[in-house]
Amino acid sequence: MFTEEKKNSQIFQDSNHLSPTSELEVSELIKEAYKKKFPIDIHGSNSKKFIGYNVQTAKSLDFSSLSGVIEYLPEELYIKVKPGTLIKDIENILEKNNQELSFEPTDFGYLKDGKSNKGTAGGCVSCNFAGSRRFKVGSVRDFILGFRGVNGKGDIIKSGGTVVKNVTGYDLSKLVSGSFGTLVALTEVTLKISAKKPSQNTIIIYEKDPKIISDLFNMVLSSSNEISGAVFVPDEPKSKKFTPNKSKAFKLNDLDQEGAFFAFRIEGDQNSIKERIKDISNEMDLKNYKTSNLDIYQSDLFWKSINSLQLFSETKNNLLRAVVPPSKSEKMMSFLKNKYRYFIDWSGALFWIEVPGDQNIKEVKNTIIQNDGYVTIIKKSEDFEFTEKLFTIDDTKLMISKKIKKSFDPRGLLNPGKMYKDF
Amino acid sequence: MSEIALPSVDSTIVSKKDLIVNNLKQFTDKKNVLSELDEIRPYETDALAAYKNLPLAVVLPENTQEVSEILKFCHKENIKVIPRGAGTGLSGGALPLNDAILLGLGKFNKILDIDFDNKCVVTQPGVTNLSITHAVKHKGYYYAPDPSSQLACSIGGNVAENSGGVHSLKYGTTTNNILGVEMVMMDGTICRIGGKTLDQEGYDLLGLICGSEGLLGVITEVTVKILKNPQTVKAALIGFPTIEDGGNCVTDIISNGITPAGMEIMDKALIDATEKFVHAGYPMDAEVLMIVELDGTKSEVEELFKQIKQIAEKNKSNSFKLSKNEKERLGFWSGRKAAFPACGAMAPDYYCMDGTIPRGKLSEILKEISRLSKKYNLGVANGFHAGDGNLHPLILFDGSNKEELRRTEEFGAEILKACVRMGGALSGEHGIGIEKRELMCEAFNDNDIQQQINIKMSLDEKNLLNPGKVYPILRKCAEEGRVHVHRGEEKFPDLPRF
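If you read the sequences in order, they're chains U and V. Per our numbering, residue 1 is the first one in the first sequence, and the count goes up by one each step. Per our numbering, residue 424 is the first one in the second sequence, and the count goes up by one each step.
Just so you know, the hints here were simulated from the structure itself, not pulled from any lab data. From a predicted model like this one, the values you see are computed outputs, not experimental measurements. Quick reminder that beta carbons are idealized off the backbone N, C-alpha and C, glycines included. Wrong hints could be hidden among the right ones.
What the hints assert, rightly or not - These stretches of chain V come out as covered by chain U in the derived footprint (C-beta under 8 angstroms, 3 or more residues):
id, segment
1, 583-592
2, 604-616
3, 777-786
4, 799-813
5, 847-854
Pulled out of the complex, with its shape left as it was, chain V reads as follows (with noise of 0.2 angstroms):
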């Protein structure tokens, strides 16, 4: 298990225990809170597994009301929380502390409401990013974000996240797909946002929530826009000789006015790596190779792949392969969707990075990892939402072996300060968490880290809401709220910051 700061354990919440939890049992079926070692050892990480904790009690609550009533308990009794999705979360977002309850919204499995006349599904926060395609695409409508978990990941757990994907080059993130949501604050205020509107009333407190990490409010239902499936949708599998190669041809693509519906790149490694577990027909000689895909009407994505090929030749492709059916098409993805399981095979653990670049630093950015994965002695497969510029860089190590751990961490960090320096940011799509919690002075200055811990403050005063989550531990912050910066000298100015 690696080491990280955790906000200082309570140890009169976690003497009262028992008492804590014949208390929770009023709220909830009795079946629904557990306290014993074997019963809350599941909820002791999530998929970012190298940290595990362990929680006072995990709570299953089946409605808003009784997440109501639970959170109002713990508000009053100063017990913190942390609100648990499908426990997918790449970033430690739900990480559980030891005088910290755990709240699962595993119940929270049913669709609601499938409202085909406004294009949206109310669903609860339980369910599955790939059931809500399920459930309407008899229709012909699906959802458009579509997270590489999207089978296990939960929708709560998106909107926490603000999960993207393969397409939300064109189609936007979870915050530019859902309508509303239904939320409880910490004090057990339950709370409405949006509804089945494009816009909704007064701040935007939608687009505050989606991403916030369950630092905010517990979400309880989500209202989802959902879209009419394209008519045509193909893809293309393009082999490039070289790094700058690939990189320039996303640039000119998108430079061309065109918005593909996906655009991913991967490197040689993962190329290597992915043929050999799933045989996807990938071409062997091209050091880098992108999957195009574009959706729309059959002529206008016959006409656009005929710019697209041009494009690619301008950057001297070696390979230029057009899906001709459906079959094709999927045949090409099968490869990319397998590349954490192909790396997997490659070594016993594998650590997979999440930032973002200007599109224009791709073949920089690789660059750089290759060196730093030199300095590191460690080796590495590239995975890119090129489109977008979110890179998924996945550092091959072996988790039994501590000091390459903790150089893996190192690798890893030194790989998102790059990415910020190139005027990208920290995460793309798994968010802060606790793994880069740190590294968030490498994007904002005390200025913007204090405003938004403001904000947190005044929606949970008593910071007991997923603490120790984003923001760098500022013990005075957690404290007091507020650091008092008096011309520039601070009050204790030889407490550690971040």
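The following block holds chain U by itself, in its conformation from the complex (with noise of 0.2 angstroms):
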């Protein structure tokens, strides 16, 4: 033990990109940190390393190395990993067993370079970006059963474990979800699965008007068909400040590329698909729309493209996260007119927003808020300049969070500045 740590001492000294393999050396390494009072960066992947602040330390821990799935029981509906597993390699184990991650991890990839990369299982909890099916399952957060981890002491610590039901003790999966890496350096992570639906099915309503679009959105809140998404893809802006983007993102055969339109998916075996789907035209009086209908393929097709931001491929405007109480979503859509390239997720909860380089964010960011909601600053443009806060937080809550913070990693070590200046 002594030579380990001797060990780890050693190489804390030598090298600036630490890439540890074991919990062990992990918390090893953050002592020496800790002793030392050397920042560190933590990241896994880096899919995900423009969300945030630029962290500025000597010293970073890559948690690409430590990976690999510790314990997958498909019948208990969990599966415990290692925090550098990439998310892509736990869905294809999960499909084996026709399970997958029903919060749809965002995939950030299209963004950043064009290319899917959903990134690492440590690199999704501590963000917390959830998909399409955000109102109908929960976040990232809300799979969490349990997690290991080390604080900004080096400490070895671990809360939850496997089961669905544990209140024993404060919830801490919950509180690192989300955290950027600003708590704990995550070792493990143990997260619950579901059975995936045999099928689905999307129907597209071309339509436009924000008043209509709103109430589609309250319908589908509303309906007891347990629709698992609904989205509003409205027409891009004309402006030569946004590449287009919308024709090649949705490129389906039963999709008309042309106009704005709504969509809202439909998951379960194909009957109870069908009933639903009846149902539904009923409610929502879909003869007098245009719609279409997406098979399983295109319908499968959409929704990548939908969780992983493809409108918005290799933007180099500011892209802007805002979520909003879905009553808002028509005072949304007519403030942002044409003037933004967005598209809505979560059944008018979620708003995506482009904004070029030289517009405005504080207008944009001002809606936002008047209309009861919260917005991160996602994507920066080259010309952002940082006088607006990236993460939108009130002082309360700030203070509340430093002090947390300061529980966790008492001399402010871990991702120091990740999400709020001053911490």
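The two chains are supplied separately, each in an independent frame; assemble them into the complex guided by the hints.
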């Protein structure tokens, strides 16, 4: 043990890029950092590295080598993995048992360089970005049963376990999801998995009126037909500031490329899908609209495109993620008009908005906040001025968050300044 | 009354009782401050009635501002505060302390906003769980978490304990069904977390507060999600000749990709007790009885029940009865819901345990419980939320016999230790409170517990809010807020830790 400690101390001293392969090694390296007061940049495959502030540290801790499945029990509906395990690999393993991560992790790869890259399990948990089923099944944080990790002092800690119902101490699994590696360096995560639905269909409604779209979203949320995704994709702005992407992002035989559309997804066995589509057709009065129906294959591709933000593929503009109460979607649409490229997910509760570098982000942010929402600046344009905060938070919560950060990381060494400039 | 170590009583505070009571009357109406013995006696215990203790005084504020001023005052004067909802908790989380103010949220009993557009309800914490569903059912909505005490338990208490219920298998527990809270920190700071949005900004403080057992803040408002009623709901009663068969069937249903809305299991002792009590029509030849409920579209429910029937037959089921109508479905549940009072008729007292295990260990834990029942010479009846591995063994005993109570508590502790050994948890939905506090070290080591205590101390640095609950009484932690472990050596190695 002592030799191991000495070896890691030496490694820490000699190298700035550290790639631990065991939890113990992570612990020893962070203990060294704590002793020497060295801040550390914690990351996995860097698929979401551009989100948040750049972390300026001398040392970086790369978790991509700490990877692999620790335990997968399909019948217990969980998979326990090391943080560097690729989401893509986890999904492939689950697929073999007709299972999936039903929170649909957001794929930021296209945004970054036009290719799919869902990153690692550790990154997925640390960033907590869930896809289109969010309003139906929950976010990443709702699927973390437990974790092991190393806090800012180098102590190995754990919380939760492998069972769904667990009220034993504070639910730290929730707290670490979405903390962007500022509280612990994850060394193991246990994810709840779900059975994959045998089939899916997507109905496209060609419509663009904000009031009608808002009503359709409301009908989705009010329906007992278990709709598992509802989006609105408006026309792309004509401005040259936006590279046209829509027809490429949604290139499907049964999807008319012209104009705006609303889409919703039904999953289940074929009989149940048919029954529900019939019922929804009455609920939404679908005969009054121009519609089309995407079969299982096209539907699958469609939602992959949505959940990998392909509409904004390789954009050089700013990208904002706004979460609002769904009843505010109409007001938001009326504000955004054709000035910005955007689409709406989560049945009216999530807006992805592309704002060109020379346009006023503040105006967009204020509108979101006025509509009781919050906003995260996901991608920054080259001329982004850091006068705008990337994560919004009020003063009381900032004060509480600072205290919590300190309780995990008293010297502020883990991803310092990643979310908020002052800690 | 049972004995348990509680934080030492601060005699200075006790000696200033009259002064404190007078001060409290500045912050709320005089009638809301109770200090006479006959007034405070009803608050001496919660639903873990084996433990009783009187508070210094009881205060029943009427709004958030009053809560804030009371807490600010207590913070300044170093007075401990025990928050209490409806007092239906089963782990002693609201047990008073002699030098503490008991802060009852009973007057926070109004629903503030029913927002069908955003599918949520904003409510004060003292509103009962079931009232939320009652308030929205005229439009076909309901609030999903349904703890068995839903008629009486408050939504604020549900947040504190992260309550679940029969339907949490499909719809999750409280933490998955709330959007926001307003809470008051121990220093009086009022904080709003979340709101009507699905996610919230920054750290998931909502996730931290939910299930924190009143240790981090006092909840003064809750925003809950409401769901549309499913189109079809049906239930089946399935009998099995052995524990193994029933247990295997649970695992097989889940493995086949079916997520029932609820999946309960009762053992022979509980079947007998409830059948005598409510005549629900349960099969008396079954060793194990399963109630499976499915919801969704008509065709989906029918198709899945066909599959479940086949799975049950493969696991040697000896009876299968599908509900023909709503009346029959409710009849199936009547027995399960009467399980607790039915046990009350079997023995003077019963002790309801709450642990979780991986589903696959169901028959293993049932055998272990049966072995322990013989060891301690005490009867036990078992009811499980089998779908999510949450077990509620009911140990039958006579509370007037002190020795029997001691055996009962030991029996209960051994069950929970077995749960942890099998890969489960000490509590599925009742919380740790004082009841399982000393067992925390079965599931967590020093580092794990210390991290949790560090969070507590960062938000309540004087350890005034609900002290003595959840974490083993670590004297040093309570006094210093931290434990210094140097090269594996503690500062005071001779002090008892847990």
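The hints, checked one at a time:
| no. | hint | in the structure |
| --- | --- | --- |
| 1 | 583-592 | holds (count 5) |
| 2 | 604-616 | holds (count 6) |
| 3 | 777-786 | holds (count 5) |
| 4 | 799-813 | holds (count 4) |
| 5 | 847-854 | holds (count 8) |
In the structure shown, no violation is registered for any of the earlier numbered hints.
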